[in-house]
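Generate coordinates for the entire structure from the input sequences, incorporating the hints supplied.
Protein chains in written order, with our numbering: chain G, 381 to 641; chain V, -15 to 309.
None of these hints come from the bench; they were simulated from the model. Any given hint might turn out to be false.
Think about it this way: if two alpha-carbon atoms lie no more than 25 Å apart in a straight line, the pair counts; the simulated SDA-like pairs of lysine to any residue are [said to hold, decoys possible]:
#1 V:Lys62 - V:Arg44
#2 V:Lys62 - G:Leu463
#3 G:Lys405 - G:Leu527
#4 V:Lys93 - G:Trp388
#5 V:Lys93 - G:Leu397
#6 G:Lys405 - V:Glu74
#7 V:Lys97 - G:Leu385
Label-pair ranges, simulated between beta-carbon atoms [to be verified]:
#8 G:Ala625 - V:Leu116: 48 to 56 Å
#9 V:Gln(-10) - G:Asn464: 27 to 35 Å
#10 V:Gln(-10) - G:Leu406: 44 to 52 Å
#11 V:Tyr(-2) - G:Lys405: 32 to 40 Å
#12 G:Ile580 - V:Arg118: 44 to 52 Å
#13 V:Asp41 - G:Glu461: 24 to 32 Å
#14 G:Ala502 - V:Asp137: 32 to 40 Å
#15 V:Tyr(-2) - G:Ile580: 21 to 29 Å
#16 V:Trp159 - G:Leu385: 25 to 33 Å
#17 V:Asp0 - G:Arg636: 49 to 57 Å
#18 G:Met381 - V:Pro22: 23 to 31 Å
#19 V:Asp245 - G:Asn464: 38 to 46 Å
#20 G:Met381 - V:Asp0: 18 to 26 Å
#21 G:Glu461 - V:Asp108: 25 to 33 Å
No experiment lies behind these values; they were computed from the predicted model shown. Glycine included, every Cβ here is placed at the ideal spot set by N, Cα and C.
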Amino acid sequence: MNEVLTDWRALIWRHLLHLKRMPDKLISATVLPMVFVVLFGVLFGSAISIPNGGYQEFIMAGIFTQVMITAVPNTAIGTIEDLNNGLTDRFRSLPMSPSAVLVGRTVGDTALRAVTCVAMTAVGYAIGWRLHGGVLEAIAGFGLLLLFGFTMAWVGALLGMRVRSPEAASSLPSVLLMPLMFTSSAYIPLGGLPGWLRAIAEWNPLSAVAGACRQLWGNPAAAGDSFAARNPVPMALLWLAVILALVVPAAVRRYRSVVPA
Amino acid sequence: MEFAIQAEELRKRYGDTEAVAGVSLAVPTGTIMGVLGPNGAGKTTTVRMLATLLSPDSGRATVCGYDVVGQAREVRRKIGLTGQYAAVDERLTGRENLHLIGVLHRLGKRGAKARATELLERFDLVEAADRLSRTYSGGMRRRLDLAASLLADPTVLFLDEPTTGLDPVSRRDLWTMIRAEVDRGLTVLLTTQYLEEADQLADRIAVIDKGLVIAEGTPEELKRKVGQERLDVTVADAADGAVMASALARATTSVPTVSDDGRTVSLTLVGGVLGISTALSALNDARVDVVDLAVRRPTLDDVFISLTGPQRDAEQERALERSTA
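Below, the structure is given as structure tokens:
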């Protein structure tokens, strides 16, 4: 176990060094999300009104959720780079823990998401969004958000090792995840949806994540009286635990046999 | 004799193609085995199976006595791997690259650091050690890659086309470095597309084509099979080609071949300089207008044509038998 931790630490160190060495990546991971906050918060905020509070207050958790999803192609492409330039072969020829390379990458990408969160929070505050709950709740909300980002990074790693082409890895996630995004409460309160769609949306894992953040941060909720809509925090934790339990072993198994394209 | 690498009837299939169709190899400890073959011959797949990166469909192999499937972790402790691409992390410095590999080899922080410094010196990378490896030249990357594969002092080193894409000077430097490692007792399995490289480095060569070992022996034995050197003679007028070919056939023991345009005749050169002079005087007697004359070392093409030629004839014969039966 000690050896596994040594491997994890070494690979996490590798990815944190990468972050330091890639100012361009830091910029793209902060600027675009900040633009989203302004765009949704100010422009849409002035055009859309929701029942129990301003759209600005409502949408922030949605944008945070969306930005965590954009981690998927990033992680996938990084995984493919390692695969195609021989580094994956080198690591796999070492007597090391097979999970370490993926742990390093997913933790590193989650650290980058944390930087993104700081930048978005600053801009959110500037345009009038507030955290209304306590400090612990606020931290819990961000913790949950980053756990979601971490889960999505594992999804990205698995996807990258499956498709093995950077082109497919950059386009597939939006095809797969955009429908999920729009059938959730990330952007819209669900009150206006037809019944069947509303049921789907309320049980959507993204609704759970966005809803949990809203609840923890004291922002207006998407409303709904299903069990999922009333208990977003346990639902989000359950969803993430299920996804991680499926994706992590699959990704590690794939890593042990993956061949460059 | 002790064998560091032993493979028996390794097979690997990808979809419809059998990449490796029953490869058997035995590499004596402390020697270099060259695996020579064109792209797609199954060289890389063989190395991947021996280096525990890929499970064979059938057959078995041991490295340092450990089974590559059942005892993969023990094998990994004993091997170094340098693949077709210089596997360095571009966003880390040379020193950081080696340090990372050292820690993953369980050398400990201090051990990894000391070993990294040692190898940076041995591979002439001290000055570049603290620069990002992104800024390295192709040759420097390869040296760093080789240093990384030697970090844990392996017993067996796999080199998969280590000099592809390198300039001639870097290639020779790398050869010298590989030889120095073998002098320390390392066993090397080297794949290459270049006969010259196999010739320069390998104690024994296995020629592989379509997933099978089609010949094995010392470089001398293989070259004897294809003829030492070839002589190419070009004449100005295509009409003289046939005249020249028959003149050369009479004067030497080899059978000349005429190129498609009829102007160049090629034959195996027997007897070195004396052979050239025999051929020249025959050409002089035949009064043909020679515009170019070249002595050519056997190329991989020649090895291939000579090794796969008879096999293809046999196939054709069988096809003929089937059609007449």
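A quick look at each hint next to the structure:
At most 25 Å may separate the alpha-carbon atoms for a hinted pair to count; Lys62 of chain V and Arg44 of chain V meet this at roughly 18 Å. Taking the CA atoms of Lys62 of chain V and Leu463 of chain G, the gap is near 23 Å; set against the 25 Å cutoff, the hint holds. Using a Cα cut-off of 25 Å, the hinted pair Lys405 of chain G and Leu527 of chain G holds, with the two alpha carbons roughly 21 Å apart. Between Lys93 of chain V and Trp388 of chain G the CA atoms are separated by roughly 14 Å; this keeps the pair inside 25 Å, and the hint holds.
For the suggested pair Lys93 of chain V and Leu397 of chain G, the alpha carbons sit about 17 Å apart, so the restraint of at most 25 Å is met. Restraint check for Lys405 of chain G and Glu74 of chain V: satisfied, since their Cα atoms lie roughly 15 Å apart, inside the 25 Å limit. Of the pairs offered as hints, the one joining Lys97 of chain V and Leu385 of chain G holds, with about 19 Å between alpha carbons and a cut-off of 25 Å not exceeded. A C-beta distance of roughly 38 Å is found between Ala625 of chain G and Leu116 of chain V, which places it outside the suggested range of 48 to 56 Å.
Between Gln(-10) of chain V and Asn464 of chain G, the C-beta spacing of about 31 Å keeps the proposed range 27 to 35 Å intact. At roughly 50 Å, the beta carbons of Gln(-10) of chain V and Leu406 of chain G sit within the given window of 44 to 52 Å. At about 35 Å, the CB distance of Tyr(-2) of chain V to Lys405 of chain G agrees with the hint of 32 to 40 Å. At roughly 47 Å, the beta-carbon separation of Ile580 of chain G and Arg118 of chain V lies within the given 44 to 52 Å, and the hint holds.
Between Asp41 of chain V and Glu461 of chain G the C-beta distance comes to about 29 Å, which sits within the given range of 24 to 32 Å. Judged by the Cβ atoms, the range 32 to 40 Å given for Ala502 of chain G and Asp137 of chain V is violated: they are separated by roughly 51 Å. Between Tyr(-2) of chain V and Ile580 of chain G the beta carbons are some 41 Å apart, a value that contradicts the proposed interval 21 to 29 Å. Separated by about 40 Å at the C-beta atoms, Trp159 of chain V and Leu385 of chain G break the suggested range of 25 to 33 Å.
Roughly 25 Å separates the CB atoms of Asp0 of chain V and Arg636 of chain G, a value that falls outside the hinted 49 to 57 Å. Restraint check, Met381 of chain G to Pro22 of chain V: a C-beta distance of roughly 47 Å breaks the suggested window 23 to 31 Å. Separation of Asp245 of chain V from Asn464 of chain G is about 42 Å and conforms to the stated range, judged on CB atoms against 38 to 46 Å. At about 44 Å, the CB distance of Met381 of chain G to Asp0 of chain V disagrees with the hint of 18 to 26 Å.
Restraint check, Glu461 of chain G to Asp108 of chain V: a C-beta distance of roughly 28 Å satisfies the suggested window 25 to 33 Å.
The structure is inconsistent with the numbered hints 8, 14, 15, 16, 17, 18, 20, although it conforms to all the rest.
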